Amino acid sequence: MTDTSLSLLQRLRDTPESQSWERLVELYAPLIRSWLMKYEVQDTDAADLMQEVLLAVSKDVRRFEHAGRPGAFRAWLKEILVNRLRNFWRTRDRRPKLADGSMMLEHLKDFENPNSELSQLWNAEHDRYVLRQLLTQVEPQVTPQTWTAFCRVALEGQTPREVASEMGISLNAVVIAKSRVLNKLRQEANGIVESSSNFLADR
Amino acid sequence: MTNKASHPTNSELAAYGLGQLDPEAAAAVEEHINRCEPCCETIAGYSTQDTFVGLLQEARELPTQSSGAKGQRTTDSDVPEVPAPLVDHPRYEVFGLIGRGGMGHVFRARHRMMNRTVALKVIKQEFVRKPEAVDRFRREVTAAVQLSHPNIVTAFDAEQAEDVHYLVMECVDGIDLAELVKDRGALPVAEACDYVRQAAVGLQHAHERGMVHRDIKPHNLMVTDEDTVKILDFGLASLAPVALANVETTELSGDLTAAGAIMGTPDFISPEQAKDARSADIRSDIYSLGMTLYFLLSGRVPFGEGTAADKLKLHGETHPVKLNEIRSDVPEGVQKIFDRMTAKDPAERFQSPQDVADALQDYFGAPPTSAANKRIGESGRFRWWLVAAAMLIGVLGVFAYQNEHLFSWRVSRASDVYAPISELESYIAAMAASPHDPVFMNVYELGTDQVALGFKASSDGLLMDIDVSSSGGSRSRGNYANRMKEIAATLSVPVTEEAQIAQDGSVSGVNFAFRLTGQPSAIAKNAYQIVTEGLALNTDANGLFQCRNFPSHVVCSDDYSERRVSADEFVAEYERGERVFLGEIEQRFFLIPEERRYESPVTMNDEIWYADVRDLPIGFARQVRLQAADEWYRRRLGEASPRQGALNAKDLQPELKLESKTVTGGTGGLPKVHTWHFKGRNVSDWTIQLLLAENGKTKMIQEVDFEELPSEFTNQIRLQVKDPVGADHQRSLNAVLQVECPSGSRCNTTNENKGVSINIEAPFGAEREKVDLSQVAANQSELLFAQGYWKDDMNHGTSMELMTEATKDGTAVFLFVTLDWKPAGNPVNSSSAATATEQLP
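Residue numbers (the working numbering), protein chains in the order written: chain F, 1 to 203; chain H, 204 to 1044.
The shape of chain H in the complex, shown without the other chains (with noise of 0.2 Å):
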C-alpha cells in the first residue's frame, strides 16, 4: 500500500494514471496527488497509452447504436407514411395507406416476385418495445396462419424489417363492418343477421383449431363485394396488455387511452374478459359478436353514455335497451338470439360459434347473400373440400413466403413437406394412420394444370377429393378427373360426384371424392396408384404436400438438443425394435423412446434421435413411414405388432452402458482418480484407447483391445492423473489408464501400466467430460473424457479434432479418453429393413 508520508512509486502513479490501481490504492494516490504537485506532474508526463486504451479509441470509432425507431413518423401524426425500413423493402413494394387501427396502420403492398398484392400491418411501436410481446405476438400469429377459411382474413407470416414488426395477410377489397354502419346506419335485419351468421362461421373454423379472437367488433368484421365476412386481426388481440382487469380501480387517465387503442372501445367486451383478459374463451367471441349484431341492428353501441370503466361495469351489470324498442322489425327469434349471446354468465350463452350460425339459419332458412356459402342440399354446414380447397390456397400462400425467405419460426414450417411424388404414397398412409390433419397435394407445382387434392379421414378410411370448376383453364381438371375416375373402376374404388350450384342456379364447379377403405398401406397404394396414373405424373418430381400429422407430434422447444445419428445406427437402432420412428420434419427423421411413442405431443429432447434423411438408404425412409402407419392402426384395432417378437428379442442385443462416473483425489498433492463404471451385453468387439495430443497431433499412449467379453459384465476404466505445477508455471504431468478385464475376458493391451509423463508449461487446466454416455453409441468412436493444458489464452471447439488443432502451436496438450465398440452384427444394411416390411401384410 501507499506510504502517505512518502510518494508513491513511479510505477504506481503510471498505473494510476492508467486506472489500473485498484480503489483503494487509486484512493491513495489521489489524497497524495492532491497535496503533491510534482507527482500530478509525472502522472500527467506519462504515456496515455495502453492496449485498453487503443481498444477504447477504435470502439469509440464504432456507430452509437440507436435506440429509436429509425425514420419512422410518430404513430399518431396525421398522415402516416411508409415506416422507413419498409421503403424500398426488397420483397414488398409498398403503396399508400388503406387502413388505420389501434394496433397499427395498413398499407397495400405488391409482393415483387409473386407478384400478388398483400395488406401489410404495421404494428405500432408501442406494441412490440418487449421481448415479451414480440414473442407472443409470433406465437398467435404463427397459430393465426394455420387459419384459412373464407371468413377470416388470411394472414401469411408475421415479418420485422429493422425495427418494424409488421403482419403480412389476405388484401380484402371491402369494407368494415364499423364504416358501412356509419356510411349507410343501422342495418336491414336479415343481411345484419347474415353477417354475424358468417362471423360465426369463421369464429367456429378458429375455435375447432383452439383459437380465440378476443377483439371482435364490427371494425374488426370486414364485408366484401360479394357480401363476404371476413373476420381481421386474428392473434393481434395478444399484443393487448392483460392487466385490463383493474381498469375500474386504477387510474384511469393515462392508462384507458392505451387501453382504448388495444380493445378499441370497450363497447364489445365481455365481463368475464373486462375481469380478466386472460380467462377470454371463445364464448367471449361470442358475447362480443352479440353485441356486435346489436350495433349492427340499432346503428349505436350497446352503452354509449360514460367512460370506459362506466362502459366495463355496464357489460358485467345491465342490458342494453331492447332491440324492437329501438326498431319494431326486429323479430322476437332476433332478440332471443342476441339475448342468448350476450347472457353475462357464458355457460348460457350459445356453447360454439357454430350454434349462433346454426340458430340464425334456422331463424332466417338459407342465406340469403352470401355466395361463398351457397350450397345446394346443405344444411348451412361448410362440408370439408371447400374449406379444404380455401385452404390449401393460404397454406400455397405460406409456402411461398416461408420458401422465399426461409421460415420464420418453427411452428409452421413444420407443416410443409415438398418430397418426391414416390413419397406421397407413404404420406397418405401416415396421413390414414393419424387423421387429424389432411394431406394437400398441389399438383401444379408439377406443370399439371393447376390440380389440387386434398385427402381427409372418413370413418373408415379416407376421402381423396378433386374439384373441379367451371371457372376458365379447368377443362383439362375434368379431363383428369375422368382418368382418375376410369383408374378407380379398375381399383373398385367408389367415387362421388357432387354439383356445386353458383348464385343463378347454374353448375358452378363438381367435386369427385374418391372413397378409401382399409389398412393405411392398401388405402395409400390406391390413392397413389390413382393420382400418379389419372394425372400422369413423373414420380421423380418435388410436389407440394401438407402433412401436419406427423409434424405436429414432435414439438420442438425452444433450446432443444437434439441428438444426431449416423444412418447406420438409426437402421441399426430401428431394426433392433428398441427406438421407433414417430415423424419428420424437412429431412429429419426420428426415433422415439419406445415407452413415449405415443405420447402426443412429445416433446423433443436429446432422447430423441434424428438422423437426416438424405445419408438414409434409399426407400428406406418410405418403408418405415408406410410400416409405421401400419402398427399404428394395428394398434387402434388393439392388434399385437408383427414386431413384437422383435421387441422381446432385444434382450439379446448388444448393449453398452456407462452406469455411473466418480472422481476422488485431486488434491492435497494426492492424484486425481477418475472411474467409469460400465455395463455391458453380448458387446463382442470394444476398445479403449488414451492418447495424447500434442503439436497438433494425436498418438496412442495406451491400449486395451478387448478379443472377447462374457456376454453380461461389468467393467471399471481408472484414469489416475497427477498435474503438479511448479515454479515457472511448469508442469509434470503423469496420468495413466487402467482397465480392469473382467473375468471370462480376453484382451490385447499395448503399453499396459504405462501412462504418459511429460514436463510443459502450462499454469492453465481443464476437464471436458462427455455427460451423456448412458449409451454408447456403436460404431463410432466415443471421447469420454478430455484433458487440456495450456499456457495462456487459448480457446477451442469440443471436438477431439479441434482440440488437437489447438495444441498446433505447441503452448498446449490434451489427454482422451476414446471409446471405440462395434457391436457383432452390424451394421444393418437396407436390405432388411425393406425385408421386414415387405413382410408385412
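Next up, chain F with everything else stripped away, as it sits in the complex (with noise of 0.2 Å):
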C-alpha cells in the first residue's frame, strides 16, 4: 500500500474540522445535491439538509472504521443521508395536508436496503460524482502537456503512439503521464472509490 502519500479519505480525518468541510462540500455537494432532488426536496430544504449531511459527516469522519471493507464509506454517508432524509420526510408527513411524506418513506426503505437497485444507483453515482470532482482537483497539479496526454489514453481511449505523435512528445512521456496521474488519482480514491485500490501488492 501507500505509504508516502495520503489519500483524500486520510487528509479528511487528518485536517482540522475547518478545512475539511470545504474539501467534503467541494467532493460530495454535488452528489447529495442531485440525491436530494431524487427525493424531491427543494431549495432551502436541500440546502439546509445537505448542509447537516455534511456536517455530520465532517464531525464523525475522523471516528469512521473502514475497516478494509471496499464500499464502506459511501456506505457510511448513505446511512447518514437517509437519516437525515428520513427525519425530514417524518416531519413532513406530519404536517396536514402534504400527503406525500409517507410514500416518500417507502421509498427511504427501499434506498436503505443495500441490495436494492437504489442503493446500486448510489454506488454508481457516488463513484462518478467524486471521481468527476478528483479529476477536477487534479488537473491543476500537474502540468498541461501531462494532464492533455492522460486524457487522451486513459479517458479518451487513444493509443500512446497515436498521442505522442500528434502531441510531438516521446512515446515515453506519454506513457509515463498517464501512470503518474492513473497513479495519483487511485491514491487519492483509495477507501472512498470502490476499484481504486487494487495495487499489484495486493493482488
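A hint or two may mislead.
To be verified - Here's a subset of chain H near chain F, in silico, CB distances under 8 Å, partners left out:
1. Tyr-219
2. Leu-221
3. Gly-222
4. Gln-223
5. Ile-236
6. Asn-237
7. Ala-247
8. Val-256
9. Leu-259
10. Gln-260
11. Glu-261
12. Leu-265
13. Met-414
14. Glu-1008
Note that these hints are calculated values from the structure, not bench results. Everything numeric in this text was worked out from a predicted model, so none of it was measured. Yeah, the Cβ is synthetic: ideal placement off N, Cα and C, and Gly gets one too.
Join these two chains into a complex; the hints should help.
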C-alpha cells in the first residue's frame, strides 16, 4: 500500500474540521444535491439538509472505521443521508395537507436496503461524482502537457503512440504521464472509491 | 522490488501502465523505461482499461460543478437585474428593483399562491460566501421573523434559490428617512422627533425579545404614507464582519469600502460598537438612533469630514456641533434628549428605547401624526392587544410560507401548532401555567369570517381579546362578540370594552377583553366554552394556534438524537411518574427526566424521549397537557403535587438496567468473552436469546426464559466467541451464551451450554453494540449485541431485520443477542391515564 502519499479519506480525517469541511463540500455537494433532488427536496430545505449531512460527516469522519471494507465510506455516507431524509420526510408527513411524505418514507426503506437497485445506483453515482471532483482537483496539480496526454490515452482511448505523435512528445513521456496521473487519482480515491486500491501488491 | 539490472516483469509493466504500482516500484519502472524502449513499447501496447479507468471515463461525462454565481450580474453593475434563480421562481413572480442597499438590492415580488405583494431583499454574494455567514444570517433572521410590530418591517423568512440568498419581507410603500431628508432637507422638529419616537417604540419591541439592530441609520428607517416609521433590516447586520474594531489601525484602503458597504457609513455608529461590534447592545442602537435624530434635524451627518476611520474616532472623542447652533428652533429639551441618547458612555444613555420614546412623548405631549399609535386614555405605550393583532398578521404570514415550502429551520416551526379546536382548551391551560407567550387563534381558518383571538397573561389569569373594528366585513364579528359576552355572563366572566379612536375622533373599533381567572384548567374551560359556543365552532376542525410557551422550552441542537418510544411505553412511563411531559413540537410529545423538568431551556438529547401524538390513545395528549398545566400552577403556588404519592411509589416500579459491559480475551487464540452486568427490580418476565441469521433467516440458537426472579437482583449474561480465520478465509465460528441464574430465580433454558458452531468463508467481521442500554425498554425486543461475518463487499442497515436481510445471498452471517422484557402490570392503557387526570380538582 502507499506509505508516502495520503489518500483523500486520510486527509479528511487528519485535517482540522474547518478545512475538511471545505473539501467535503467540494467533493460531495454535487452528489448529495442530486440525491436530494431525487427525493424531491427543494431549495432552502435541500440546502439545509445538505449542510446537515455534510456537517455530520465532517464531525464524525475521524471516527469513521473503514475496517478494510471497500464501499464502507459510501455506505456510511448513505446511512447519514437516509437518516436525515427520513427525519425530514417524517416531519413533513406530519404536516396536514401534505400526503406524499409516507410514500417517500417507503422509498427510503428501499434505499436503505443495500441490495436494492437504488443502492446500486447510489454506489455508481457516488463513485462517478467523487471521481468527477477528483479529476477537477488533480488537473491543476500536473503540467498541462501531462494532463492532456493522460486525458487522451486514459479517458479518450487513444493509443499512446498516436498521442505521442500528435503532441510531438516521446512515447515514454505519454506512458509516464498516464501512469502518474492514474496513480495519483487512485491514491486520492483510495478508501472512498471502490476498485481504486487494487495495487499490484494486493493481488 | 524491481531489479535494475533486469527488466520488470510483464505484470509489473501492465500495473505501471495503469498507475497501480506503489510509488517506489513505480519510480523503478519509470527509471527503467527511460532507458529501455522495448519495455516502454510493451506498456504502450497493453490495454488501457480497468474498472477504475472505466469509472473515470464515466465521471468525466458529468458536468463540472460550477462554483461561480450562475446568471447573476456583478453586484456593482449599474442596473441590477433580477438574479437568474429568481426568474420564473415557482413561488414568487419578481418585478422590478425597488431599493438598493449595502447588503443587497430589494425587488418587489408577488407571492404567486397568496397573491400578495412582498419585498425580496437579495443578499449580495460577498456576504454569504461562507457557510458560517449563512448560518449566522439564518439564525438572526429566524429571530427577526419572531418580531412583529407596526414599527418594524416584518420579515417573513429567509430563503435560498440556488446560490442566491434572499429575505422575504413585508412590502412597505414609503420612503426612507435618508431619501426624505435629501428631498426635503432638515425636518420640522416635532416631525423628526416623532419619527425617532416611533423607531424607539419598534426598537423596544425587539429589545424585549433580546434583539439588537446594530445598524440603525436614516437609510434603515422607512416612513409610510401614513407617517408610520418602520425599521428595516433587522438581523442583517449579522452579516457584517466582526472586525470593524481594527479599522483605525489596519490597512484602510481595501477594507474600508467593504466596511462602508456593510455598515453604511460609520456616521451613526456608537463608540463601543466601533471598537468591538460584538459588544453592541440595545444602547448602541439608542446611540445610533440619536445620531439619526441629529441627521433629521440638521440635514447632515454628525461628523461630515474625514475618512471612515476619522469618523469612528470622532464618535469616541467629541460631540458634534450643537443642534441649536445649526438651527435656532431646536428646543433645549430636544438637545438634552439628543445628548442623553448619544452619551459616549452607554451607562449614561437612556437604558431602553422605551425611555427614549417616553422622554420624547413627555416633551411633545400626544404624538402629532401617527395614526397607528393614536389611542385615547393611553400614555403613549402600546397596549398589548393592538400589538397582538399586528403580531397575528405577522404570524399568519409566516405560517403560510412555512406551510407551503415547509419550515426552513427549526426555531420557527416549533412555534406553530395546528390542532383541532377540541384541543384549544389544553393549549390555553398550558399558557395559563407558563405565561411567556400569548396563544393566538385565527378562527378565519374555520370559515367564521376573520375572527382572531388573542390571549394574554394577566396577574391573576388570562385576558382573552376579540377586536372588532369598524372597517368593512366585521359586522359579524360584532355579533360574535356579543354572543361571547352573553356566554361569559352566564359563566360570571367579566368583560371590558374599550373603544379605539381614529384620527378624526370617530370610534374605529372596539376591543372586548374577557378576564379569566383561577386555576389553569378552570381558565381554559371557561375560555374554551366562550370561544366554541360564542363562535359556534365545529370542534373537529383544525384551527391555527400560536402557542410558543411549550415548544420554546425545548431547544433542539443541531444533531439532536431523540429516542422514540412506543405509545404504550410512553403512557406507562408517564403513569409511573418517573418522567414528566414538558412540551410538544408538532405531533411529538416529550418526556423529560424528572430532575430536568423545570430547566429552561431544556436541551434535547437522548434522555428526552418522544412519542408520536397520533400513536397515543385518543385524548391522552390533551389530558396530559391539562394536567401538566395544573401541576405547574401548583408548583408555582408551592403546593404539593397530588402525584407526589406516585413519585414515592416509584421504588416499587419495575426496572431493568444494564450496569456495565466488559470484554476479555479475543487475542492470542483465546476466546473473546463479552459480559453484561444487569440489575433489576420487579422484573418478572425476562427472556434472553442467542440468534443466528443466515441465508436471510433468523433462527434461535439458545434461550433463557426467566419465570421467576427475586424482586431485587443482579445478573450476568456472558457470550463467548471463538472465530479464528484459517486458510482460504475459512472461519470456524463457535459461540455460546451463558446466563447466570440469580438465587431465588427459576428459568426455562433451551440448548443450555450448546451454542452455535459453524464453518464459513468470511475474512471480514465486525461487532455492533447497542450503546445506550442503561434503561432497558420494556415490552419490546432489545438488540443487545450483534456480530457479523462476511465474505466481500457488504453493507447493511443497523436493525436486526436489515442485518438478517444482508445474509440472504449466503455470503454473510450474523449473531444476535436479544432481550425481551415484559414487566408485570403493563401495559397501562389510556383509560387509566384519563382516570388519573379526572381525580384532579
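| How about H:Ile-236: closest beta carbon in chain F under 8 Å, or not? | holds, 6 Å
| task | Let me know if the C-beta of H:Val-256 comes in closer than 8 Å to any C-beta of chain F, holds or violated. | result | Holds: closest Cβ of chain F sits about 6 Å from H:Val-256, inside 8 Å.
| Interface restraint verdict for H:Glu-261 against chain F (beta-carbon cut-off 8 Å) | Cβ of H:Glu-261 sits 5 Å from chain F, so the hint holds.
| field | Supplied contact hint for H:Tyr-219, tested at 8 Å Cβ to chain F | value | holds, 5 Å
| Hint check, H:Leu-265 versus chain F [nearest Cβ-Cβ separation less than 8 Å] | holds, 4 Å
| request: Would you check whether H:Met-414 satisfies its interface hint, that is, whether its CB is within less than 8 Å of any CB in chain F? | output: violated, 22 Å
| message | The hint names H:Leu-259 as touching chain F; please verify it with the least Cβ-Cβ distance against 8 Å. | response | Check passed: Cβ of H:Leu-259 comes within 6 Å of chain F, closer than 8 Å.
| query | Given H:Ala-247 was flagged as interface, is its beta-carbon under 8 Å from a beta-carbon of chain F? | reply | holds, 4 Å
| message | Checking hints one by one. Is H:Gln-260 an interface residue toward chain F, by the C-beta closer than 8 Å rule? | response | holds, 5 Å
| query | Is the hint on H:Glu-1008 kept, meaning its closest Cβ partner in chain F is under 8 Å away? | reply | holds, 7 Å
| message | Under 8 Å is the threshold here; is the Cβ of H:Leu-221 close enough to any Cβ of chain F for the hint to stand? | response | holds, 6 Å
| field | Supplied contact hint for H:Gly-222, tested at 8 Å Cβ to chain F | value | holds, 3 Å
Comparing the model with each numbered hint stated earlier shows that hint 13 is the single one that does not hold.
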